[in-house]
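Sequences and hints are given; from them, build the entire structure.
2 protein chains.
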Amino acid sequence: MMYQDGQAVKLHGMVHSHRALGEITFFDLRQRTDLLQCVMNSDTRINGADQLRDEQAIRIEGLMQAEPRARGGFECHVMNIEVLSSPAETRPVHLGKRIRNVGLDADLSLRPITLRHQFYRAMFRLQEGICRGFRDYLASAGFTEIHSPKIVASGAEGGSNIFRLDYFGRKAYLAQSPQFYKQMMVGVYERVFEIGPVFRAEKHSTIRHLNEYTSMDFEMGFIETFADIMDVEEAMLKHLLELLGSEYKAEIELLEVKLPSIDRIPRVRFDQAKQMVAEKYGRKIKNPFDLEPEEERLIGELFAQEHNSDFVFVTHYPSKKRPFYAMDDPKDTRYTLSFDLLFRGLEITTGGQRLHDYQQQCDKMLAKGMDPTDFADYLMIHKYGMPPHGGLGIGLERLLMMLTGQNNVRYCALFPRDQSRLEP
Amino acid sequence: MMYQDGQAVKLHGMVHSHRALGEITFFDLRQRTDLLQCVMNSDTRINGADQLRDEQAIRIEGLMQAEPRARGGFECHVMNIEVLSSPAETRPVHLGKRIRNVGLDADLSLRPITLRHQFYRAMFRLQEGICRGFRDYLASAGFTEIHSPKIVASGAEGGSNIFRLDYFGRKAYLAQSPQFYKQMMVGVYERVFEIGPVFRAEKHSTIRHLNEYTSMDFEMGFIETFADIMDVEEAMLKHLLELLGSEYKAEIELLEVKLPSIDRIPRVRFDQAKQMVAEKYGRKIKNPFDLEPEEERLIGELFAQEHNSDFVFVTHYPSKKRPFYAMDDPKDTRYTLSFDLLFRGLEITTGGQRLHDYQQQCDKMLAKGMDPTDFADYLMIHKYGMPPHGGLGIGLERLLMMLTGQNNVRYCALFPRDQSRLEP
Chain A
60 MMYQDGQAVK LHGMVHSHRA LGEITFFDLR QRTDLLQCVM NSDTRINGAD QLRDEQAIRI
120 EGLMQAEPRA RGGFECHVMN IEVLSSPAET RPVHLGKRIR NVGLDADLSL RPITLRHQFY
180 RAMFRLQEGI CRGFRDYLAS AGFTEIHSPK IVASGAEGGS NIFRLDYFGR KAYLAQSPQF
240 YKQMMVGVYE RVFEIGPVFR AEKHSTIRHL NEYTSMDFEM GFIETFADIM DVEEAMLKHL
300 LELLGSEYKA EIELLEVKLP SIDRIPRVRF DQAKQMVAEK YGRKIKNPFD LEPEEERLIG
360 ELFAQEHNSD FVFVTHYPSK KRPFYAMDDP KDTRYTLSFD LLFRGLEITT GGQRLHDYQQ
420 QCDKMLAKGM DPTDFADYLM IHKYGMPPHG GLGIGLERLL MMLTGQNNVR YCALFPRDQS
480 RLEP
Chain B
60 MMYQDGQAVK LHGMVHSHRA LGEITFFDLR QRTDLLQCVM NSDTRINGAD QLRDEQAIRI
120 EGLMQAEPRA RGGFECHVMN IEVLSSPAET RPVHLGKRIR NVGLDADLSL RPITLRHQFY
180 RAMFRLQEGI CRGFRDYLAS AGFTEIHSPK IVASGAEGGS NIFRLDYFGR KAYLAQSPQF
240 YKQMMVGVYE RVFEIGPVFR AEKHSTIRHL NEYTSMDFEM GFIETFADIM DVEEAMLKHL
300 LELLGSEYKA EIELLEVKLP SIDRIPRVRF DQAKQMVAEK YGRKIKNPFD LEPEEERLIG
360 ELFAQEHNSD FVFVTHYPSK KRPFYAMDDP KDTRYTLSFD LLFRGLEITT GGQRLHDYQQ
420 QCDKMLAKGM DPTDFADYLM IHKYGMPPHG GLGIGLERLL MMLTGQNNVR YCALFPRDQS
480 RLEP
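Residue numbers (my numbering), protein chains in the order written: chain A, 60 to 483; chain B, 60 to 483.
None of these hints come from the bench; they were simulated from the model. There could be a bad hint or two in this list.
The list cannot tell twin chains apart, which means a pair is met if one copy fits it or any two copies do.
[Said to hold, decoys possible] Derived pair list, reagent style DSBU-like, types lysine-lysine, alpha-carbon separation capped at 35 Å: (1) K297 with K69; (2) K427 with K69; (3) K308 with K379; (4) K156 with K69; (5) K230 with K427; (6) K297 with K390; (7) K339 with K308; (8) K343 with K262; (9) K69 with K230; (10) K297 with K308; (11) K308 with K343; (12) K390 with K69; (13) K156 with K230; (14) K230 with K262; (15) K308 with K380; (16) K156 with K297; (17) K380 with K230.
None of these values were measured; they are calculated from a predicted model.
Here it is in structure tokens:
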């Protein structure tokens, strides 16, 4: 907010923190996104409570005064305070200090309150900004937003990491991704996107996995090669970072985020990346079919050093490790026309071209030991006609985690879900 | 798209439908949102297939020619066709006709294909427009977008209509609404919104219920009365309808939607509305605590006739029928500071002011036979301080249903979930 010196104001907010210095009490008023420094003295009238306390909801009348030491250059000299509500108990954590003084576990248990810290207020404003950037760019590029079901009859990503539920006596699952549905919608609108929850019953606990997270997905038809998908992601990320830089300046500063700059994101084949890291860092290749987290980190490091890029597309993942809907590279069917995007050494996107031909998709299912009749609804689009197409999914919390330099993805979900956490 | 007469074009799309008239074949090219009328003759070259078929993905080269009888005033005279993919089988439904010639059940079973009909393409573009309008208005009014968890430890709306799942050996539920979380976030950002899936295990099958639907929720702090919430909804709806009227003209026309105009939405007390309908239509009041669907319909009819309004806010619902977090009217605690919004006789919104005082909330829970210790996480916000606040939830599919005049909400969800439908 911009104020003028001497301006009379009527404002409202929560008492974020306060401290008395003799006759004078300073307090921070927590507004929608800002904190405003306020000053009261013995003349200030309080109605609705006998004294000022943290987490009271108040309305104030006062005069704005220029104060170079205050955030935003102004402080409010308060004449009247109306207390609308007072807490029943004193807040169990300090929110006034820049550094949060609780450990992650206590923090998570107290999330309804700890989220009121400026750290989190900035964090989840940036989360909003990422969604806006994603959506706005794709809308401008002719994508239609969709809402696909989360209760499903079969998993798209396979494996055992799927939540089961009883659906009126039938077995049902929580969607691991909107994969089937966004492909179906390519037949309808050619280009679609969705931001929504996905569910993974992964049993391992790591700093980068959540059992429920927000996936930003898009899928597009009439691609010439799977590089088209990377091109769209690259342009989207550029737009997104510009948006954050222009409209979320305060949050970027508060979290001391160094926004990456994107020119052209380097693209490297999976097998080459693996080889480069093995050579540069003297590592043995243990598993030729997948990247270990440490390898991803080193690929990120290598491309940061040698190509000055925080991002790198790793392409042509082995067919063995990609799902049944991935299109194999016709030049070498041991690899797929697919990619991951690594951001500062962590995978934040998986994408690629999908099979669109009915016979090819059935054959690949059979080769993987799957029965195409189990997927008759999905295969309808292949049977009755689909354009060449592909797409990707971006983990919102992971992107935010790497952007803000957190060491745990739980800092980047409002109310994270992991094996031990179903609350709050 | 705007074209010039004689303009050379390169386009792509799916063959939506075609018919041969002697030497000439007309076909509709299904583009992202439009259909383009195309003409080919015996000179037109086809590569990649021996003939043109519906649901082929094609690239074409041709010349645009002014043709007043064609949609958009132009048709494309096609010189070259490159067929990128062909379906394995002929599409099981006609999509070319204006009227869909399949019943709802067959339609639902074939949704991956029937959604390609212009009816549905227009329908779900309008769905997108509604979400845009909701989001854009609220963002401009200082609301922050949030993503709350869908796997939860307890239901916010109570009752038996909740889906259960096993969460790593613990009992968990699918969120019936983001209620608890959006209230928590009012303490963080004052104003928040979310568009996301909610899950209701309702065992009755009606034309207006889905077991999974998309809820558009907002929640706002520092309200003076619960009328503030209705004011925001009213302004949001005005913005939304203007957006649809300006940016979704083609879809509005295709679906023959009569956009409602909003000046000031009438507001009537629940008990008065009930009485008015009883008098005007000679109905006996059977249940004084709830509105029957037929009563809602008649209230809608009455306000359409007498106040020329497609919308009506019904306020002050009985405490008995509102959830434990609803604030009672201090003037008469048998009623709550709450409302529903009826649109053309159907409830599309439930909202109201929430309790923010810890003791009052605990007391109300106890009076309803609930144990506050079961809701310790939720009650943290009341205990440690909350402003007066309230909010609402809008059923996206229902709003779309009433806007477009459908007789079944299943037409307004891409892949609806009901008791008998978990697929596609």
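These are the hints, each one checked on the structure:
1. K297 with K69: Only across copies: K297 and K69 sit 28 Å apart there, 40 Å inside one copy, limit 35 Å.
2. K427 with K69: Neither way: K427 and K69 sit 67 Å apart in one copy and 39 Å across, limit 35 Å.
3. K308 with K379: neither (44 Å within a copy, 48 Å between copies)
4. K156 with K69: For K156 and K69, only the intra-copy Cα distance (26 Å) is at most 35 Å; the inter-copy one is 60 Å.
5. K230 with K427: Result: close both inside a copy and across copies, 23 Å intra and 34 Å inter.
6. K297 with K390: within (32 Å within a copy, 55 Å between copies)
7. K339 with K308: Neither: 38 Å inside a copy, 58 Å across copies.
8. K343 with K262: within (28 Å within a copy, 58 Å between copies)
9. K69 with K230: Neither, since 56 Å and 48 Å both go past 35 Å.
10. K297 with K308: both (16 Å within a copy, 31 Å between copies)
11. K308 with K343: neither (43 Å within a copy, 61 Å between copies)
12. K390 with K69: between (69 Å within a copy, 29 Å between copies)
13. K156 with K230: Answer is neither; intra-copy 49 Å and inter-copy 38 Å both fail.
14. K230 with K262: Answer is both; intra-copy 21 Å and inter-copy 16 Å each pass.
15. K308 with K380: neither (40 Å within a copy, 46 Å between copies)
16. K156 with K297: within (34 Å within a copy, 42 Å between copies)
17. K380 with K230: For K380 and K230, both the intra-copy (27 Å) and inter-copy (32 Å) Cα distances are at most 35 Å.
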